[in-house]
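Asker: If you're matching them up, the sequences are chains W and A in order. Counting in numbering that gives the first Met the number 0, the final residue of the first sequence is number 594, and the numbers go up one at a time with none missing. Counting in numbering that gives the first Met the number 0, the final residue of the second sequence is number 594, and the numbers go up one at a time with none missing.
It is possible that some hints are incorrect.
The list treats identical chains as interchangeable, and a pair is accepted whether it falls inside one copy or across any two copies.
Listed below are the simulated SDA-like cross-link pairs for lysine to any residue, each with C-alpha atoms no more than 25 Å apart in a straight line [said to hold, decoys possible]: (1) Lys407 - Asp140; (2) Lys531 - Asp417; (3) Lys119 - Arg60; (4) Lys326 - Gly82; (5) Lys119 - Arg67; (6) Lys295 - His209; (7) Lys204 - Arg129; (8) Lys326 - Arg141; (9) Lys295 - Glu122; (10) Lys407 - Pro278; (11) Lys426 - Gly136; (12) Lys295 - Ala4; (13) Lys426 - Ser358; (14) Lys204 - Pro139.
Hints are computed from structural coordinates only; laboratory data are not their basis.
2 protein chains.
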Amino acid sequence: MNRSAAAVHEWVASFERALTAGDIEGAAALFAAESYWRDLVAFSWNLTTVEGRAGVAELLRTTLGSTRPRGFAVTGEPTEGPGCVEAWLSFETAVGRGTAQLRLVEGRAWTLLTALDELKGHEEPTGDRRPRGAEHGADPDRVTWLERRTRETEELGHSRQPEVVIVGGGQGGIALAARLRQLDVPTIVVERSPRPGDSWRNRYKSLCLHDPVWYDHLPYLPFPATWPVYAPKDKIGDWLEMYTQVMELNYWGSTTARSATYDERTGRWELVVDRAGEPVTLRPRQLVLALGVSGKPNVPEFPGRERFLGDQHHSSAHPGPDAYAGKRAVVIGSNNSAHDICAALWETGAEVTMVQRSSTCVVRSDLLMEHALGPLYSERAAASGIDTRAADLTLASVPYRIMGRFQKPIYDTIREEDAEFYARLAKAGFELDFGDDDSGMFLKYLRRGSGYYIEVGASELVADGSITLARGEVAELTEREVVLADGTRLEADLVVYATGYRSMNGLAADLVGPAVADRVGKVWGLGSDTAKDPGPWEGEERNMWKPTRQPGLWFHGGNLQQSRHYSLYLALQLKARAEGIPTPVYGLAEVHHTS
Amino acid sequence: MNRSAAAVHEWVASFERALTAGDIEGAAALFAAESYWRDLVAFSWNLTTVEGRAGVAELLRTTLGSTRPRGFAVTGEPTEGPGCVEAWLSFETAVGRGTAQLRLVEGRAWTLLTALDELKGHEEPTGDRRPRGAEHGADPDRVTWLERRTRETEELGHSRQPEVVIVGGGQGGIALAARLRQLDVPTIVVERSPRPGDSWRNRYKSLCLHDPVWYDHLPYLPFPATWPVYAPKDKIGDWLEMYTQVMELNYWGSTTARSATYDERTGRWELVVDRAGEPVTLRPRQLVLALGVSGKPNVPEFPGRERFLGDQHHSSAHPGPDAYAGKRAVVIGSNNSAHDICAALWETGAEVTMVQRSSTCVVRSDLLMEHALGPLYSERAAASGIDTRAADLTLASVPYRIMGRFQKPIYDTIREEDAEFYARLAKAGFELDFGDDDSGMFLKYLRRGSGYYIEVGASELVADGSITLARGEVAELTEREVVLADGTRLEADLVVYATGYRSMNGLAADLVGPAVADRVGKVWGLGSDTAKDPGPWEGEERNMWKPTRQPGLWFHGGNLQQSRHYSLYLALQLKARAEGIPTPVYGLAEVHHTS
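Could you build all of it, start to finish, from the sequences and the hints given here?
Answerer: So, in structure tokens, the structure goes:
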């Protein structure tokens with residue numbers, strides 16, 4: 000065994016000894032002065048990152064007794080990381096089994112990830128635990144799968160109440176429902192569109208996923224080897240529809256959630272939904288809002304909106320470019336939606352102006368694939384043995400606090416490699432950024448869920464002037480113009496407000512009321528004290544995939560990778576509650592912002 | 000390198016040298032006196048097994064010049080097999096790339112498999128060749144995926160003729176269509192039921208697959224880790240429906256094929272179908288019948304059928320047991336369908352008699368899984384690195400002629416391990432066999448497609464007398480009885496003829512006429528000169544997955560494993576013809592039987 004591996008084994012043995020002996024100071028001493036321990040559920044029944052020896056000690060003081068961690072063991076061979084040794088571990092707790100990732104610097108832990116994989120006695124029936132299917136033997140009371148499934152569909156939500164209702168049947172809600180199905184937690188997904196996948200079908204026609212396929216797999220059933228790298232929206236719609244069926248999800252389409260009230264006494268929600276015109280009351284213990292990273296559309300109240308004679312709508316309501324050939328389109332905004340919509344309008348033959356109000360982080364898709372995602376999520380990563388689970392855990396093992404250090408070099412490389420592209424874009428007047436601290440696009444997404452564009456063609460149109468670029472704030476609209484603050488007048492037949500979304504808890508407010516929404520606070524963001532992500536530092540995404548200040552209320556979502564990976568941790572937390580397994584939450588986050 | 004590996008490398012080098020030099024005798028000398036070379040398309044543009052040095056020499060004399068094989072190389076490490084050394088090889092031909100499997104005994108080839116994997120220039124766009132999906136860049140003439148797909152759906156079969164039409168939209172037709180889609184061969188599947196999967200949905204309610212999941216995967220998109228071992232019929236139905244959609248197959252449900260006439264001059268079929276009441280004429284170059292291993296139902300003409308007052312129908316038309324609680328059911332037959340139907344009737348409370356007319360090979364499902372399938376198709380096989388492709392090729396590498404030698408020990412083990420079960424079954428009067436030569440169930444299936452039962456509960460009911468067993472031929476039916484040849488009278492409210500099926504070319508006769516059907520001859524069987532599989536020896540399955548004596552007519556099917564694996568070779572043969580790649584067929588099989 001080489002020296003690095005020996006150091007890892009020694010650390011693990013010391014850590015195990017300290018934990019077993021209840022020696023909290025001893026355990027903390029195993030961490031470097033600058034260190035981070037990220038725990039996903041296993042110790043904290045929360046998504047938690049603590050910092051430094053003091054943080055470690057505090058986490059352990061509170062959680063060690065009930066967690067009873069043991070059995071830390073190195074799995075596989077430790078490897079050399081950036082200035083550290085990296086190793087994968089397995090471990091157990093009183094109620095579960097988990098995976099850990101360790102980065103050692105000079106014999107002390109720089110980062111530690113502990114993630115719960117499964118609950119003892121409630122392991123997923125997959126692989127060699129998959130159900131038998133056929134009930135072999137002769138059974139006069141045989142109930143076939145179809146009969147059982149039909150019965151469940153008829154009963155659940157009517158004569159039998161679900162444990163969980165998920166509001167929102169997009170990829171997030173669907174992924175979470177699949178996890179809960181595997182954990183045998185009775186769950187209903189309610190979605191206002193008729194069919195699973197409609198949220199994709201209803202988007203503008205040229206839309207494709209911006210993230211490559213290896214990043215996007217849903218749980219249990221990955222896209223096949225034949226699936227395109229960037230899936231067209233309708234293929235994703237079809238996949239979600241079929242996934243919902245074959246993964247046996249209880250999916251109520253054409254169902255709109257109207258109101259939700261929590262009853263502290265019973266520990267259940269009274270959730271009123273409109274199911275194809277019929278009111279139905281559901282009484283789940285847990286309510287999950289899976290309405291997307293974005294909340295309600297943000298439509299700025301520009302003066303003169305009411306007098307504008309042309310078409311105007313938020314990007315989320317944009318029907319696509321077909322009606323606008325030969326028309327003059329003004330798109331307010333310069334991030335993903337704005338670019339997609341501008342390019343589609345240009346392709347149809349509209350005269351397009353993009354109004355950029357603030358800087359945008361632009362990265363060409365191929366370079367993002369090559370430099371940012373490729374090491375973990377690509378054909379070559381898979382071929383080299385990094386499966387989806389390993390990729391997800393590796394990504395999760397990087398604490399948000401220091402992620403910039405990992406990300407900045409990637410974007411420095413991209414800037415250099417694509418200098419010519421960026422120069423042309425800047426020459427056209429486009430205001431570029433690479434995140435507040437040059438830490439790049441991914442962190443910008445994690446901090447504020449917006450402010451970037453994955454270039455798939457629109458930037459070239461901006462660079463060469465095909466799309467006219469205007470800069471500045473909007474002052475007002477007239478009957479036929481958008482007037483900017485500097486007096487520029489843009490004639491318009493169409494105005495598209497690609498002006499983003501509000502926090503998800505705004506959607507919550509519609510459902511559970513403003514008091515609950517305020518109690519829960521802002522959803523998303525890290526507290527990085529950068530644009531649109533005010534401090535103080537949270538350490539984790541606000542309110543995502545973890546307990547909130549409203550008992551029984553949870554938020555799920557994120558991009559496809561997050562929807563897939565974090566659905567596991569949310570499902571485990573919900574399963575534990577369904578089974579009456581104690582879930583003492585460490586470090587329930589304070590609420591610092593309500594929007 | 001150890002001695003075995005050295006022997007393999009030496010053999011491969013010698014083989015390469017001989018082939019390159021055109022030294023046919025030299026190549027043949029590398030084979031043992033008792034030897035077999037099975038070629039799947041690569042050399043023979045057929046599925047062909049030749050035997051002995053003379054067979055090898057003849058194959059090479061005819062095919063070496065056009066095949067131009069080269070580049071034989073050992074992949075991975077040779078291993079010890081049963082009295083031989085086994086190795087995997089890769090190789091190339093003028094037009095393709097392939098995989099080979101070699102078994103060496105004392106330095107000479109005992110078995111050689113050469114299988115075409117892909118055609119150069121027409122490689123499947125999977126994995127790192129998967130399509131991009133999003134058309135990056137700006138394209139004023141952009142056609143979205145949905146528009147392209149919609150256009151294809153509207154045009155194909157109307158303004159544009161398909162290259163291939165597959166008649167039969169069960170798992171066989173669907174698997175083949177998926178392969179052809181990946182090879183960009185315009186294909187339509189016609190199926191008389193409305194939805195993909197209906198052929199499963201319409202079966203009796205307790206039906207589950209008899210083969211375990213690892214054996215059953217469709218191409219490209221394996222069942223997920225959550226899928227049951229023995230899938231209930233309705234889950235399979237849902238999967239097939241989903242697969243058809245996401246794999247973008249052109250599937251015409253509610254479409255019945257009426258007639259097919261081949262035009263030698265144009266090299267196209269005139270295929271008339273009834274599509275939801277409208278006649279449509281399709282003109283494919285290739286017509287594939289994928290109607291299942293079984294052909295038309297075989298309903299014996301027992302005297303007195305017309306006077307019987309109860310219900311009577313073939314097993315394929317059996318509606319299930321629900322109407323027969325408390326009734327007396329007589330099921331003629333003792334193979335799979337008979338057992339399934341008897342057990343379901345018993346569970347519903349019918350009084351059931353099974354009439355066994357000939358012996359049946361019975362094996363309990365768990366033992367089949369453990370001993371017959373497990374080494375290649377199981378969770379443990381997958382975990383040990385034997386993926387589906389490796390398992391399929393390993394299975395294909397065993398020549399049919401000697402398969403009994405590989406299979407008999409398996410069934411000897413099963414007989415011994417389950418001796419108690421077999422004793423009880425025999426005590427109840429059941430007539431058991433293990434194939435004509437004790438070579439077991441799988442060979443019985445390969446030879447005659449029938450004559451076996453994978454025990455999932457019905458045999459226990461026979462053994463304990465819950466299902467009454469009668470033995471002998473049926474003499475006649477009266478108004479209320481089935482009368483056996485020995486005079487036994489069985490009162491009956493229901494008679495089910497679980498009496499099997501005729502050869503698939505009977506179905507062909509309905510479509511293409513008796514002359515063509517006779518020209519093609521019997522479908523299925525090896526020519527083993529055993530019950531229902533008359534000689535002479537064919538070496539391969541009659542007429543399956545390979546050229547027939549009717550140009551442009553092909554048969555696809557088999558169990559799910561065969562549907563999956565052999566769809567590749569059939570698709571490659573069809574692709575080659577679509578691309579005008581020369582396909583000189585070696586050893587087009589003689590027709591010895593027409594039914």
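Asker: Compare the structure with each hint and give your call.
Answerer: Hint by hint, here is what the structure shows:
For a Cα distance limit of 25 Å, the shortest separation of Lys407 from Asp140 qualifies neither inside one copy, at 63 Å, nor across copies, at 38 Å. In this homomeric assembly, Lys531 and Asp417 never come within 25 Å of each other (Cα to Cα): the closest approach is 27 Å inside a single copy and 71 Å across copies. Proximity of Lys119 and Arg60 under a CA criterion of 25 Å is satisfied intra-copy only: 24 Å inside one chain copy versus 64 Å between copies. When the C-alpha separation of Lys326 and Gly82 is checked against a cutoff of 25 Å, the pair qualifies neither within a copy, at 57 Å, nor between copies, at 79 Å.
Taking the shortest Cα distances, Lys119 and Arg67 sit within 25 Å of each other inside one copy (14 Å), while across copies they are farther apart (59 Å). For the homomeric pair Lys295 and His209, the shortest alpha-carbon distance inside one copy (22 Å) is at most 25 Å, but the shortest distance between copies (51 Å) is not. Taking the shortest Cα distances, Lys204 and Arg129 sit within 25 Å of each other only across copies (22 Å), while inside one copy they are farther apart (39 Å). Taking CA atoms no more than 25 Å apart as the test, Lys326 paired with Arg141 passes between copies only; the shortest distance there is 19 Å, against 65 Å inside one copy.
Taking the closest pair of Cα atoms, Lys295 and Glu122 never come within 25 Å of each other, the shortest separation being 37 Å inside a single copy and 46 Å across copies. Proximity of Lys407 to Pro278 under the C-alpha cut-off of 25 Å is found in neither arrangement, the shortest distances being 51 Å within a copy and 64 Å between copies. Proximity of Lys426 and Gly136 under a CA criterion of 25 Å is satisfied inter-copy only: 19 Å between copies versus 76 Å inside one chain copy. Taking the closest pair of Cα atoms, Lys295 and Ala4 never come within 25 Å of each other, the shortest separation being 50 Å inside a single copy and 66 Å across copies.
Taking identical chains as interchangeable, the C-alpha atoms of Lys426 and Ser358 lie at most 25 Å apart only when both belong to the same chain, with a minimum of 14 Å there against 85 Å between chains. Taking CA atoms no more than 25 Å apart as the test, Lys204 paired with Pro139 passes between copies only; the shortest distance there is 13 Å, against 53 Å inside one copy.
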